[in-house]
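Asker: Knowing the structure of chain P, use the given hints to seat chain W on it.
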Amino acid sequence: MAGAGFFVSRAGSFGVGFEAESAGLALTGLGLGVVVGVVSATLVVPELGRWRRFAAGLGVLGVIFLLVAASTIVLGGRIGLPGDQIRGTLSFTEANEGEAERSRVLLVGPEALMPGDSRSIDGGAYRVVSAPVPDLGEARLASMGPLDEKLRDALERITTGDTQRAGSELAEYGVRWIVVLGDSSGSDADETSLAWRQVFASQLDLLPLSAGVTNAVFVTDTPNVGRALTSTAASWARNGWTYTGDAEPGKTVQVAENPDSGFGPEPWRVISSANQVGADTGIVTYEPDSGARTQAIAVAVSIIVLAALWVWGRRRT
Amino acid sequence: MRRAVLLILAAVLGVVAFVQVGPPDPDVPNFGTIGDVTDPDGATESPSTWYCPWVTAGDVQDTDMLVASQPSVTVDATILHPIANEQPVTGAFDVIGPGATVISTGDELARLGQSPAILEISNGPAAAAALQYSDAFLLGDRCVVSTPKVWYLTGASTKEGTITELILFNPFADNATVKVTTYSELDLDLIQELQSYDVAGRSWASIDMEPYVDLRDTLVFTIESLSGQVIPAIKRSDERGDATWPGTAPSQTWDFPIATVGELEPFISVMSAGDDQIVVDIDIITPNGAVRNARQVTLDASIPALIPLSDLAAPPYGVRVRATAPVAASVIATAPDEDPTGGEGSLETTTTTTGGTDEGNGVIIKGMAGTVGNPSASSEWIVPVSTLVDAETTLYIMNTGTEAATVEWEALGESEYVAGGTVTVEADSILGVPVEVGVGVYGVSVAADRPVSVGWSIVGDRGAALVAGIALR
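Protein chains in written order, with my numbering: chain P, 1 to 317; chain W, 1001 to 1473.
The shape of chain P in the complex, shown without the other chains:
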């Protein structure tokens, strides 16, 4: 069980998927638990043959090794999870008060440096995240929506040189900053980072940021950048799944998210692959898909019921 789990977990890197990797790791953990249990049970057996004693000794050594290795990770304070590097990388977005909540960041560079999932264009990884730091909910990317595809087309125009106004192209998606992850200058520059930097260095409406940034950063030199823009070009700030700003009776606000009828208030329309809602109340609301929520609750309840049945069944036997 442990061997198969180990095998499956490693296969995740070969495109089998994050889910398979997680399932493999769970299987490995379960298998190792069984091994530890068997070894522990063997130790309490009063009389053992020579070979069994030898095998039990090896098992004890293995268990000690596992415990020490696990303790090392635990003592590190992060139980093996990677450090929070993205917060420092994006701290510059808080330089101007209120800008971070109204804008997004386009991260480009090597796939390995991306926080969570990323998408690829001509071999270069990219993803858009919230500022000043992405939520945990942004780690996984959903399947491509209409706005994602439009963004990809815009990036294709930029990377192929069909446009040299990347700032204008990306403003529609609320992207104010472009951060090139990895070393993109000097003789030790990462080739992927360098390729991305060259793309954005040859734009006419981007400005490089040099003070207080650890990566190559460009800021758009275009007006009206915002992830939620009213028809009078006022940008609203993001607050969780909602956006807030000054109410504009009779006006609309364009929300640069994949079209979702959960956005409100009415009238909700899809304009340019994004959401347009009324700006009368000064708040853009979001109602999650009630069907999906019901399904999730049903699954949780089922798990609890099954666990209770299992405990009850054990007691009866």
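Hints in this document: simulated from the structure, not taken from any laboratory. Note that CB positions come from ideal geometry on N, CA and C, so glycine has one too. Mixed in with the good hints there might be a few duds.
Stated by the list, open to error - A partial selection of chain W residues facing chain P, derived with a Cβ cut-off under 10 Å:
1. Val1012
2. Gly1014
3. Gln1020
4. Pro1029
5. Asn1030
6. Pro1047
7. Ser1048
8. Ile1118
9. Ser1146
10. Thr1147
11. Phe1172
12. Asp1174
13. Ala1176
14. Gly1228
15. Gln1229
Unchecked claim - From the derived model, a few chain W residues whose C-beta atoms are all more than 10 Å from chain P:
16. Asp1027
17. Thr1049
18. Pro1211
19. Val1279
To be verified - Residues from chain W that keep clear of chain P, each with C-beta distances beyond 12 Å, as calculated:
20. Val1060
21. Val1291
22. Glu1408
Answerer: What follows is chain W alone, placed relative to chain P:
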């Protein structure tokens, strides 16, 4: 037994998993925006951005930026401000296609002195050129649309009385660092200060080359981007006139549909882009036929050559350069009383207009002209052109093929139809088509039934300019 098999299976799976190597690193993205060399500048059926580094508008001089387009387009023109942190000056102009327009920098944008320009054209095929003029001089060439990593600029000189200015235009946001290498008849010059030269984003640098490499008859520069990008151009001047032309990528063939006008004496400045010795053949194409292999020179790597052409034919004529490996080349035409090999010539006569070979126009011996060539012939061209009231503009069509070419040309302007016609260009010949002055012609569209090369000249009392055409790609 079953237990042993399970144990072995678990061990095998564990070992197999452990010895797995990770997936290969992903390939480096190939975005195709920058390369060591570039495709020839051309007009494509897509939006394009053209860079004109030599645009200047002041009290006594102005620059006409010319845009010709087949479809209707909007042209966003931007000129950089010479004062740091000042906003560039912008303007939007419409072209009803097929048509052409002129943007007078001083009148329609601003008079800021030297202020390199960016022309963003919303659709294509379209092309741009820029002609700078005053009462005393005339210079210009086609603008640049591609941005390679390594540029070649031939035809410069710092011989006595001649000034060469290297313009490094960085229209982009990021700072650029470039390596400038100079080649002359005395071999390679590595100038320490230019090995890593910074050009701030959205700015430009004009480098007078005389303090670095003085008294060189023939100078060629390569500009290599270490980071960022620049658009370089040469401005060469002496007491008789001025000329400017942009950088190019190397090519094995170069067509110059017009190499000289009036009595200006033309030279081909050429340098090998490789490390081996190569052979360069020069064909002279006149209105009446061609002289194949009129000159043949052997070029050593890193040593440019200045090949005189004036003794080969009477102007006007075109030139075809053929080489055994990629070369960079340009034409430079200078006044006859200037000794192009570096000797001292009389500088007293600055303008002489006499009855000459061109009917209705005097032979101009004032001025200087230079241009880059066309790396290959094409059957479709779009050529921004300019006319001035006291100058003569001529479109030259060069056919180096073995059969006559039937060429349809249409003058483009701001009105619906200006002029047009069909001409036959015999094999191995050039044909000059005069462009009417004063009717608002700012471009010419050329379509031929076989590949030809197109360029144009403007000649007047102010001086002369030779301008390369732009092929459709």
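Asker: Next step is simple, just say for each hint if it's right about the structure.
Answerer: Comparing the hints with the structure gives:
| no. | hint | result |
| --- | --- | --- |
| 1 | Val1012 | 7 Å, holds |
| 2 | Gly1014 | 4 Å, holds |
| 3 | Gln1020 | 5 Å, holds |
| 4 | Pro1029 | 3 Å, holds |
| 5 | Asn1030 | 6 Å, holds |
| 6 | Pro1047 | 6 Å, holds |
| 7 | Ser1048 | 9 Å, holds |
| 8 | Ile1118 | 6 Å, holds |
| 9 | Ser1146 | 9 Å, holds |
| 10 | Thr1147 | 6 Å, holds |
| 11 | Phe1172 | 5 Å, holds |
| 12 | Asp1174 | 3 Å, holds |
| 13 | Ala1176 | 8 Å, holds |
| 14 | Gly1228 | 5 Å, holds |
| 15 | Gln1229 | 5 Å, holds |
| 16 | Asp1027 | 5 Å, violated |
| 17 | Thr1049 | 5 Å, violated |
| 18 | Pro1211 | 30 Å, holds |
| 19 | Val1279 | 35 Å, holds |
| 20 | Val1060 | 30 Å, holds |
| 21 | Val1291 | 41 Å, holds |
| 22 | Glu1408 | 30 Å, holds |
Hints 16 and 17 from the earlier list are contradicted by this structure; the remaining hints agree with it.
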